[in-house]
Amino acid sequence: MAQPVDAALARSFGLSAEEFATVLAIMGRTPTLAELGVFSVMWSEHCSYKSSRVWLRTLPTTAPWVIHGPGENAGVVAIGDGLAAIFKMESHNHPSFIEPYQGAATGVGGILRDVYTMGARPIANLNALRFGDPGLAVTRRVVDGVVRGIGGYGNCVGVPTVGGEVNFHPAYNGNPLVNAMTVGIAPADRIFLSAAAGIGNQVVYVGSRTGRDGIHGATMASAEFGADAEEKRPTVQVGDPFTEKLLIEACLELMATDAIVAIQDMGAAGLTSSAVEMAGKGGVGIELDMDAVPQRETGMSAYEMLLSESQERMLIVLRPGAEAMARAIFEKWELAFAVIGRITDTGRFVAVHAGVVEVDIPLDPLAEAAPLYTRPHLPPVPRAPLGPVADPLGIEAALLRLVGCPDLCSRRWIWDQYDSTVGGQTVKRPGAADAAIVRLDGSRRALALTTDCTPRYCLADPQVGGAQAVAEAWRNITATGARPLAVTDNLNFGNPEKPEIMGQFVAAIAGMGAACRALDFPVVSGNVSLYNETDGQSILPTPAIGGLGVIDDAALAVGIAPGAGDELVLIGATAGWLGQSLWLREIAGREDGPPPPVDLAAERANGDFVRGEILAGRVVACHDVSDGGLLVALAEMAMAGDTGLALDAAPEGMGAHEFWFGEDQARYVLAVADAPALLDRAAAAGIAARRLGRCAGTDLTLAGGITISVRACRGAHEAFLPNWLQ
Amino acid sequence: MKVAVTVMLKDGVLDPQGRAIGQALTTLGFGGIGEVRAGKLIELELAETDPERARARATEMARRLLANPVIESFSVHIPTEA
Amino acid sequence: MKVAVTVMLKDGVLDPQGRAIGQALTTLGFGGIGEVRAGKLIELELAETDPERARARATEMARRLLANPVIESFSVHIPTEA
Amino acid sequence: MRAGIVVFPGINRERDMAIAIESCFGQAPRLVWHHETDLAGLDLLVLPGGFSYGDYLRCGAMAAHSPVMGAVAAHARRGGYVLGVCNGFQILTEAGLLPGALLRNAGLRFLSMDCFLRVERADTVFTSRWAAGEVFRAPMAHGDGNYTADADTLDRLEGEGRVAFRYVDADGKTSAAANLNGSARAIAGIYSDNARVLGLMPHPEDLVDPLLGGVDGRPLFDSLAAALVA
Ligand SMILES: Nc1ncnc2c1ncn2[C@@H]1O[C@H](COP(=O)(O)OP(=O)(O)O)[C@@H](O)[C@H]1O
Ligand SMILES: [Mg+2]
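Residue numbers (the numbering used here), protein chains in the order written: chain C, 1 to 726; chain Z, 1 to 82; chain X, 1 to 82; chain E, 1 to 230.
Don't take every hint at face value.
Distance condition first, Cα-Cα at most 30 Å in a straight line; then the derived DSSO-like pairs of lysine-lysine [what the hints assert, rightly or not]:
| # | chain 1 | residue 1 | chain 2 | residue 2 |
| --- | --- | --- | --- | --- |
| 1 | Z | Lys2 | X | Lys2 |
| 2 | Z | Lys40 | Z | Lys2 |
| 3 | C | Lys50 | C | Lys281 |
| 4 | X | Lys2 | Z | Lys40 |
| 5 | Z | Lys10 | X | Lys10 |
| 6 | X | Lys10 | Z | Lys40 |
| 7 | Z | Lys10 | Z | Lys40 |
| 8 | C | Lys50 | C | Lys498 |
The following residues of chain C were derived to be distant from chain Z, with all beta-carbon distances above 10 Å [as the list claims (entries may be wrong)]:
| # | residue |
| --- | --- |
| 9 | His46 |
| 10 | Ile98 |
| 11 | Gly211 |
| 12 | Gly239 |
| 13 | Asp240 |
| 14 | Glu297 |
| 15 | Arg342 |
| 16 | Val352 |
| 17 | Ala370 |
| 18 | Lys498 |
| 19 | Arg517 |
| 20 | Ala518 |
| 21 | Gly593 |
| 22 | Ala649 |
| 23 | Ala677 |
Rather than coming from a laboratory, the hints here were simulated on the basis of the structure. The C-beta atom is built at its ideal place from N, Cα and C for all residues, glycine as well.
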């Protein structure tokens, strides 16, 4: 027996009393169940960005090279040769905890669709992952499933997974983060948008059939579905990368014709959000015939079809007369193709099922009255200065422990499960350089891609942490020789209704915005994931940044591996900052103090200088200094180059542990043939620089007789993940 | 004794593999094929000799490891031949 | 009617998946586990209503597609429930 | 001389293969859709890597029944050249054009990394630009590359000189550690009895450009180009 549509049901759908009152005012009557479903998903945090929108607007989003900033399915930037890079990052956090394999797999599928729906062939995937305490069995299960899921989907669709990042922290125990990023390429003058147009034009559904996957759980609690509720329960979304691959090829084939007026993937909130967004953006109405929707299961209601999140589906508005040609393409690829509606001039979203009008909603009020909140926010409390910290362990033991700890150990076990070469354009694979380098087919030009965030900095000081995440992405691109162009972001936070959490969000955005402005690195797309909490315990604030840059000649890109005889030079100033460093956490056992300050002017100056050196062909290898500090960066270079390093003494005036393990920002280690010449040029440019030593032998040798074998480092570095997971 | 655990995707969960097999069979010229579902069969040789206890242990194994309760259901049986 | 095709690796073909499951079960504390073999179960809904003819068709499908005779053996049965 | 790359639904290394072929042959290959059956004019048929039919059921099983495969078999029967890489190798075994089968990797994980291969003979149309015993590097990217066949078949392959490549270490020696996917006798690739059909798991086509890490894979394509031009 159907439950009445009232404020109580609305509440179980996630709508507040005021929001439901607005629904009643818009409709002028009691909405149907399906209508309530439409309002609830369109006004959900996920679709409406009601808590974050006012703050997102403060981010810089423009630059001469930006073609489409936020507001489309993905961001679009010009990269030269008449080409555009299209990219975005998106989260699949909650599903990945419930079912790690499928959650991660469908996360990859979802972000791919956001990119190829704009006309791009996807050429690279990346990811940003945060897991809980490695001491817990559940963490191992989640890591194993997520890694298999990302590989299972990405490998099958044939898009190389070229980079990513991983952190571990107990704050993610009940709430891992799986953020997936896709980058695609399209001709800059053939970008496909989602705004519907052309009264009477056909609305076409393509891809997989619709099942009862992932329909909003709360709604299922209603008695609507009677005794067979168990059978009709919402189910976990299962990804079908084979169908996705066919859908990519079919869509790109259709996009090469002039058949498409508008196209939009069915992502969160499925058919509802794609239909509403396409019509809303085009300022038209849309009418759907739910009987025509290709269905996988029998007896589905309009409500279920409208809210289903079945994967691998797209909605297309076709130009008149294009149906037969479009149908032939999708049938060739053995995909469902159905005309399910048309564009109208009513400004309304209408859905008819079995002769009954199940939905009839005016679109303008649905969009304009969407809730928008400036939630109370408490400014974060600054951390007290750290003060002096004695070295309890010594340099050698600390280095071996650091390079083997979960946050710094080799990620080889992970990337060895990702196909990183398919496509035949991967110039720098995972581990080879600070950013992945993927060449453009038939061109010398290549993209540099990275994902970055240091959540422990963000917790200690969200504003500095937000700026640092952007700066590190920019630095990683710069360290290859590429020119950073733009970022996508994935803002993962806790419950925005808590003023402290909202305060973290506001501060992180302020930091990000400042860094993006200072570095000419605008935000062109992104995603917000809130309510990442379990039992009232929030995750660390995690504004993950996906960075994209371009290098005009891929042959000039450098990696992190130096060769025998190279000299090593540090660019950037070192104060020996131990606050929030990994050394402090792993060796001194403290998560304390403020994070290292981010000096955006120094970032810019140092980075521009380093890039100039690389593009002049004077740099053999380059690595930025981040987690773990200078000695960890050097050890990583030694391991990559399979060479020892003879290092000069640490400077007077600071502890050796401060010099070697401090995490001061804006620094790079360069391997060059001629260090004195580089130091001269740096001095002339007013850039802090310091000779570090040279590549020699098979060990790291430090002044004072400390010798650390590179082999031992590698042993420690490579051990953790395989030992833990095999 | 031998125990077999059958693990299938729950009803309503998309089974891309089953779907692809069904299509391939149809392409091969087999007609009249409705839904196809693909699952796993795990055969265990247990030291246990009492059928009821063997069944109970296999059920416990399925619950803890062999099946993923979020998307799969399972059943346990003792193969008649053996 | 419903027909089930069971596909197992032939005896003598190494089954790393079965072995890994056995090890994982032992690690979980289940004792007395001998050989474990992992196979596939494919359930087909056929328009055919005669059990013998359904069985014959499924056998043909297994021979042509569902099993690879180089490494696998198969058996066909009609589930009793259903 | 003309090469064709067969495109099955779900294949994803056809572009990599086309780039390698074009750069070594100086002529772009023809892309052959899996429904096509007229392969006239093609000297070399390539079955590329990927996940035909999603690797559902068994890798290569469904593609092996594609309409094009009858024509591929006829081409092979006529003594035509066929190269199957990764999923293409799996399809060739499923279609019975090469003996044996490819099981899940012994470690049960997808493996994406460079491996070293030893060229077992250098007198075939695929390997003339190598020396016998030479070692080269190639990326691999597969979940099911564990070659298996019964002992008689393996003995016969060895006896007839039909093992094309083996997994070895950088020094050319076989070892359990170098045999990453657990293949029988470290076999990475095999020939048909006339040595005109070759299947292998790793991807020489992804290593034909110094910028992408080396040219270790080029000799395969240069060998073919030389033979087919002649
Ligand atoms: N943190 C953010 N920063 C900038 N833009 C954002 C952010 N989050 C979302 N956006 C933009 O808002 C739009 C809607 O995002 P989303 O709902 O995630 O896209 P989709 O509907 O494709 O899933 C997109 O254009 C996206 O790029
Ligand atoms: Mg979208």
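Can we confirm that no CB of chain Z comes within 10 Å of the CB of alanine 370 of chain C?
-> holds (31 Å)
Within 30 Å, alpha carbon to alpha carbon, are lysine 10 of chain X and lysine 40 of chain Z?
-> Holds, at roughly 16 Å.
Does the claim that aspartate 240 of chain C lies off the interface hold, with its Cβ farther than 10 Å from every Cβ of chain Z?
-> violated (4 Å)
Beyond 10 Å from every chain Z Cβ - status for glycine 211 of chain C = violated (6 Å)
30 Å Cα cutoff - pair lysine 50 of chain C, lysine 281 of chain C = holds (18 Å)
For the pair we were handed, lysine 10 of chain Z and lysine 10 of chain X, check the Cα-Cα distance against 30 Å.
-> holds (28 Å)
Beyond 10 Å from every Cβ of chain Z: is that where the Cβ of histidine 46 of chain C lies?
-> holds (21 Å)
Outside-interface status for alanine 649 of chain C - nearest CB in chain Z farther than 10 Å = holds (55 Å)
Claimed clearance of chain Z by arginine 517 of chain C, with the beta carbon kept past 10 Å | Fine: 44 Å to the nearest Cβ keeps arginine 517 of chain C off the interface.
Beyond 10 Å from each Cβ of chain Z, as asserted for alanine 677 of chain C = holds (59 Å)
Non-interface claim for isoleucine 98 of chain C: all C-beta distances to chain Z beyond 10 Å?
-> Contrary to the label, isoleucine 98 of chain C does not stay out of reach of chain Z, its closest Cβ about 6 Å off (not over 10 Å).
Could you check that no beta carbon of chain Z comes within 10 Å of the beta carbon of glycine 239 of chain C?
-> violated (8 Å)
Consistency note: the structure conflicts with the earlier hints numbered 10, 11, 12, 13, 14.
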